[in-house]
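Going line by line, the protein sequences match chains A and B. If you want the numbering used here, it's the 1-based position in the first sequence plus 809. If you want the numbering used here, it's the 1-based position in the second sequence plus 809.
Calculated directly from the structure, the hints in this document are not laboratory data. Keep in mind that the hints are not guaranteed to be accurate.
Same chains, same label: a pair holds when it works inside one copy or across any pair of copies.
[Stated by the list, open to error] Computed list of lysine to aspartate or glutamate pairs in EDC-like fashion (alpha-carbon distance at most 20 Å, straight line):
#1 Lys922 with Asp967
#2 Lys881 with Asp832
#3 Lys881 with Asp979
#4 Lys987 with Glu924
#5 Lys881 with Asp856
Note that the structure is a prediction, hence the values are computed from the model and not measured.
Number of protein chains: 2
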Amino acid sequence: MSQSICGKSRIVGFRFSLYPMSDQFVDVIKGALNETDTSKVWLKTDDISTCIRGKAVHVFDVAKCVYLHAAKTGLHVVLNGTFSIGCPGDSEGDSYMMVDDVRSNEADLFELKIEAPTQFALYPMNNSGYMDLIADVVEIAKVKGTFSGGIHYASRLDGNAHDVFATLEDSFMATQEKVSHVTMTVNIAANSPSRKKA
Amino acid sequence: MSQSICGKSRIVGFRFSLYPMSDQFVDVIKGALNETDTSKVWLKTDDISTCIRGKAVHVFDVAKCVYLHAAKTGLHVVLNGTFSIGCPGDSEGDSYMMVDDVRSNEADLFELKIEAPTQFALYPMNNSGYMDLIADVVEIAKVKGTFSGGIHYASRLDGNAHDVFATLEDSFMATQEKVSHVTMTVNIAANSPSRKKA
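Using the sequences and the hints, build the whole thing.
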């Protein structure tokens, strides 16, 4: 949030936490991170969250991979975080903008089919037309077939994780073409026991 | 995020998830919610998150209470969510704006002293001076003695839960005096085993 550590490049960041609702949470978190090829992103983990930064394709690739490897355990897990682009002053990690565009993890994930109920919110900063930009994103989700309703302060997506992550990526990327600084919060669940009761 | 469901009143909302990293997560979540007096807020839970809405004092009171009752179990738990005010169109729950200002839970919480390492980010919407408003909030946290550094896309707080929540509330309330629509993401941990390794 500090101006001093937030360049001019279109580097994308995702600060996230992975929450396994299990006594084995340490193993699940470490396992999901170890199974993910993170070589094309800047990465730093602290005691609260992990921050990855780089080209958009790789940030979204890594995010989906971490989620899917945790979710395939069958445990109730949640990936919760905030995507960001255009934060004024952000330059650290620019070297990661020189890599190719081949998603490192996609081939490993293709066969993992997991339902990914999601709530997300989009924040286009410093823009008077931001509510219209949010409405545009809802249309993207409707076309993708993942939109399942507006709720207070968020929108809901349901569907296969691949479709949900594609919706999130398309929404974020479409918005950042119109607004310099955009953030997007995501709360992506898996295997919730209360899923059927909602 | 839909315009159709987001008044004119200064109702505050907090959409949050409580994540206990434990096989007993259902009991911890239900226990924390049951131990909290939520009579002064509108409340709705779904399979991903809980949304509370009402006067700012009560929304922050309930948020702290839920966190502390979950954290006192000694388990690694996280309260993660987004505070919001001034979302264009928000009116449902206006009846909760008629209650008194006495915090229902504060007296029960006084003796619960728990360290609450926190990452938070403030999003003043539709305002060209938003980076200055964020800097103002950092000053609030410094005065409170809870600020422990800027990180990518967020700021960090450390300290007793009462001081951390007071910092969050003061930061949010000071900002919403200057900007109509403000959101603030919070990621508040407790009892993390990696705390010492950070």
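Taking the hints in turn, this is what the structure says about them:
For a Cα distance limit of 20 Å, the shortest separation of Lys922 from Asp967 inside one copy, 13 Å, qualifies, whereas the shortest one across copies, 39 Å, does not. In the homo-oligomer, the alpha carbons of Lys881 and Asp832 lie at most 20 Å apart both inside one protomer (16 Å) and across protomers (17 Å), since each shortest distance falls under that limit. In this homomeric assembly, Lys881 and Asp979 never come within 20 Å of each other (Cα to Cα): the closest approach is 24 Å inside a single copy and 41 Å across copies. Taking the shortest Cα distances, Lys987 and Glu924 never come within 20 Å of each other, neither inside one copy (31 Å) nor across copies (41 Å).
Only between protomers do Lys881 and Asp856 lie at most 20 Å apart by alpha-carbon distance; the minimum there is 19 Å, versus 24 Å within a single protomer.
Violated hints, listed in ascending order, are 3 and 4; each of the other numbered hints is respected by the structure.
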